[in-house]
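Enquirer: Respectively, the protein sequence lines represent chains A and B.
All residue numbers for the first sequence refer to my numbering, where the first residue is 3 and numbers rise by one.
All residue numbers for the second sequence refer to my numbering, where the first residue is 5 and numbers rise by one.
Honestly, the hints are just simulated from the structure, not real lab data.
Small disclaimer: the values here were computed from a predicted structure and weren't measured.
Backbone N, C-alpha and C fix where the C-beta goes; we use that ideal spot for every residue, glycine too.
Incorrect hints may have been included.
Where chain A lies over chain B, by a calculated footprint (3+ residues, C-beta under 8 Å) [as the list claims (entries may be wrong)]:
1) 19-25
2) 63-71
List of simulated lysine-lysine pairs, DSSO-like, C-alpha gap at most 30 Å [as the list claims (entries may be wrong)]:
3) A:K16 <-> A:K85
4) B:K82 <-> B:K105
5) A:K85 <-> B:K105
6) B:K59 <-> B:K110
7) B:K59 <-> B:K77
8) B:K74 <-> B:K110
9) A:K59 <-> B:K105
10) A:K11 <-> A:K59
11) A:K59 <-> A:K16
12) B:K74 <-> B:K105
13) A:K72 <-> A:K11
14) B:K105 <-> B:K59
15) A:K72 <-> A:K59
16) A:K11 <-> A:K85
17) B:K74 <-> B:K59
18) B:K74 <-> A:K16
19) B:K59 <-> B:K82
20) B:K59 <-> A:K11
21) B:K105 <-> A:K72
22) B:K110 <-> B:K82
23) A:K73 <-> A:K11
24) B:K82 <-> A:K73
25) A:K59 <-> B:K82
26) A:K85 <-> B:K77
27) B:K110 <-> B:K77
28) B:K77 <-> A:K59
29) A:K59 <-> A:K85
30) B:K105 <-> B:K77
31) B:K105 <-> A:K11
32) A:K59 <-> A:K73
Just some of the chain B residues that point at chain A, by a computed CB distance under 10 Å [unchecked claim]:
33) S34
34) Y37
35) S46
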Amino acid sequence: DGGITQSPKYLFRKEGQNVTLSCEQNLNHDAMYWYRQDPGQGLRLIYYSQIVNDFQKGDIAEGYSVSREKKESFPLTVTSAQKNPTAFYLCASSTLAGVTDTQYFGPGTRLTVL
Amino acid sequence: AQTVTQSQPEMSVQEAETVTLSCTYDTSESDYYLFWYKQPPSRQMILVIRQEAYKQQNATENRFSVNFQKAAKSFSLKISDSQLGDAAMYFCAYRSGGYDKIIFGKGTRLHILP
Chain A
3 DGGITQSPKY
13 LFRKEGQNVT
23 LSCEQNLNHD
33 AMYWYRQDPG
43 QGLRLIYYSQ
53 IVNDFQKGDI
63 AEGYSVSREK
73 KESFPLTVTS
83 AQKNPTAFYL
93 CASSTLAGVT
103 DTQYFGPGTR
113 LTVL
Chain B
5 AQTVTQSQPE
15 MSVQEAETVT
25 LSCTYDTSES
35 DYYLFWYKQP
45 PSRQMILVIR
55 QEAYKQQNAT
65 ENRFSVNFQK
75 AAKSFSLKIS
85 DSQLGDAAMY
95 FCAYRSGGYD
105 KIIFGKGTRL
115 HILP
């Protein structure tokens, strides 16, 4: 079945540690996105990528980094520079950027900093 | 900058009744797309319905329909014959026509009363 997978579902991190969230899609989508969701805040865009080896900052990129070495994969690293990383993280993908296609979402990763 | 506002943080409706969720947006663009996403307790984001701004006809998907008032910049979602499975957070979202960044509202939590 085609879809977007995120792993792990739950992730715990100690302060000062970097952690990487996985996002994989087999929909043959060109564009991929990372969102952060906090209670009462809706979704906020962290980073997005329209093609392999290229990505752009979203609204809240500070303290995060990404890579896009393969079309299917868009991992997000939460670095120790992110001051308040506890949140729910959603990955999404869509077909060619600039076209009207909808973003489809993965099941999310809940990150908790201990 | 574009903004999306959902003025109802929570709503309740009796099962089998009809409910309308409100959304307003602010933009100076003429080409854009509007979406309603549903996020059930599983936290998986699911597309409910989408509307292209250039289309005058309101979008419908089974029990879900929208009232798109372009001049008023209003995009409400009507759910008919509400079912227990409709209980979720509902997010209104905006996407510019020439750019695929999506801006989300803060959401409306919908409760279905049996």
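Enquirer: It remains to establish, for every hint, whether it holds in the given structure.
Expert: Right, here's what the structure says about each hint:
1. Only residues whose beta carbon comes within less than 8 Å of a beta carbon in chain A count, and the segment 19-25 of chain B has 0; fewer than three means the coverage is violated.
2. A stretch counts as covered by a chain when three or more of its residues have a beta carbon under 8 Å from one of that chain; for the segment 63-71 of chain B and chain A the count is 0, and the coverage is violated.
3. Our distance criterion of 30 Å between C-alpha atoms is met by K16 of chain A and K85 of chain A, whose separation comes to about 12 Å.
4. Our distance criterion of 30 Å between C-alpha atoms is met by K82 of chain B and K105 of chain B, whose separation comes to about 25 Å.
5. For the hint linking K85 of chain A to K105 of chain B, the alpha-carbon distance of about 25 Å falls within 30 Å, and the restraint holds.
6. Between K59 of chain B and K110 of chain B the alpha-carbon distance is near 25 Å, which keeps this suggested pair within the 30 Å criterion.
7. At most 30 Å may separate the alpha-carbon atoms for a hinted pair to count; K59 of chain B and K77 of chain B meet this at roughly 14 Å.
8. For the hint linking K74 of chain B to K110 of chain B, the alpha-carbon distance of about 21 Å falls within 30 Å, and the restraint holds.
9. Of the supplied pair hints, the one linking K59 of chain A and K105 of chain B holds, its CA atoms being roughly 11 Å apart against a limit of 30 Å.
10. The suggested pairing of K11 of chain A with K59 of chain A holds, with an alpha-carbon distance near 24 Å, which does not exceed 30 Å.
11. Restraint check for K59 of chain A and K16 of chain A: the C-alpha separation of about 25 Å stays at or below 30 Å, so the hint holds.
12. Restraint check for K74 of chain B and K105 of chain B: the C-alpha separation of about 20 Å stays at or below 30 Å, so the hint holds.
13. Taking the CA atoms of K72 of chain A and K11 of chain A, the gap is about 22 Å. The hint holds against a cut of 30 Å.
14. Between K105 of chain B and K59 of chain B the CA atoms are separated by roughly 21 Å; this keeps the pair inside 30 Å, and the hint holds.
15. A hinted pair counts as satisfied when its Cα atoms are at most 30 Å apart, and K72 of chain A with K59 of chain A qualifies at roughly 18 Å.
16. For the given pair, K11 of chain A sits about 21 Å from K85 of chain A by alpha-carbon distance, which is consistent with the 30 Å threshold.
17. For the hint pairing K74 of chain B with K59 of chain B, the CA-to-CA distance comes to about 10 Å; that is within 30 Å, so the pair holds.
18. Restraint check for K74 of chain B and K16 of chain A: the C-alpha separation of about 48 Å exceeds 30 Å, so the hint is violated.
19. Distance hint between K59 of chain B and K82 of chain B is fulfilled; the C-alpha atoms sit about 18 Å from each other, no more than 30 Å.
20. Taking the CA atoms of K59 of chain B and K11 of chain A, the gap is about 39 Å. The hint is violated against a cut of 30 Å.
21. Taking the CA atoms of K105 of chain B and K72 of chain A, the gap is about 21 Å. The hint holds against a cut of 30 Å.
22. Straight-line distance between C-alpha atoms of K110 of chain B and K82 of chain B comes to about 18 Å, which keeps the hinted pair within the 30 Å bound.
23. Proximity of K73 of chain A to K11 of chain A is assessed by CA-CA distance (about 22 Å); at most 30 Å being required, the pair is judged to hold.
24. Restraint check for K82 of chain B and K73 of chain A: the C-alpha separation of about 37 Å exceeds 30 Å, so the hint is violated.
25. For the hint pairing K59 of chain A with K82 of chain B, the CA-to-CA distance comes to about 35 Å; that exceeds 30 Å, so the pair is violated.
26. Among the hinted pairs, K85 of chain A with K77 of chain B is inconsistent with the structure: their alpha-carbon atoms are about 36 Å apart, more than 30 Å.
27. Our distance criterion of 30 Å between C-alpha atoms is met by K110 of chain B and K77 of chain B, whose separation comes to about 17 Å.
28. Simply put, K77 of chain B and K59 of chain A have alpha-carbon atoms about 28 Å apart, close enough for the 30 Å limit, and the pair holds.
29. About 17 Å separates the Cα atoms of K59 of chain A and K85 of chain A, which keeps this hinted pair within 30 Å; it holds.
30. About 19 Å separates the Cα atoms of K105 of chain B and K77 of chain B, which keeps this hinted pair within 30 Å; it holds.
31. For the proposed pair K105 of chain B and K11 of chain A, the alpha carbon gap of about 25 Å is at most 30 Å, so the pair holds.
32. Between K59 of chain A and K73 of chain A, the direct Cα distance comes to roughly 18 Å. Compliance with the 30 Å bound is thereby established for this hinted pair.
33. Using the Cβ-Cβ criterion of 10 Å, the hint placing S34 of chain B at the interface with chain A is not satisfied: the shortest such distance is roughly 15 Å.
34. Because the smallest distance between the Cβ of Y37 of chain B and any Cβ of chain A comes to about 6 Å, under 10 Å, the interface hint for this residue holds.
35. Interface restraint check for S46 of chain B: the shortest CB-CB distance to chain A comes to about 7 Å, inside 10 Å, so the restraint holds.
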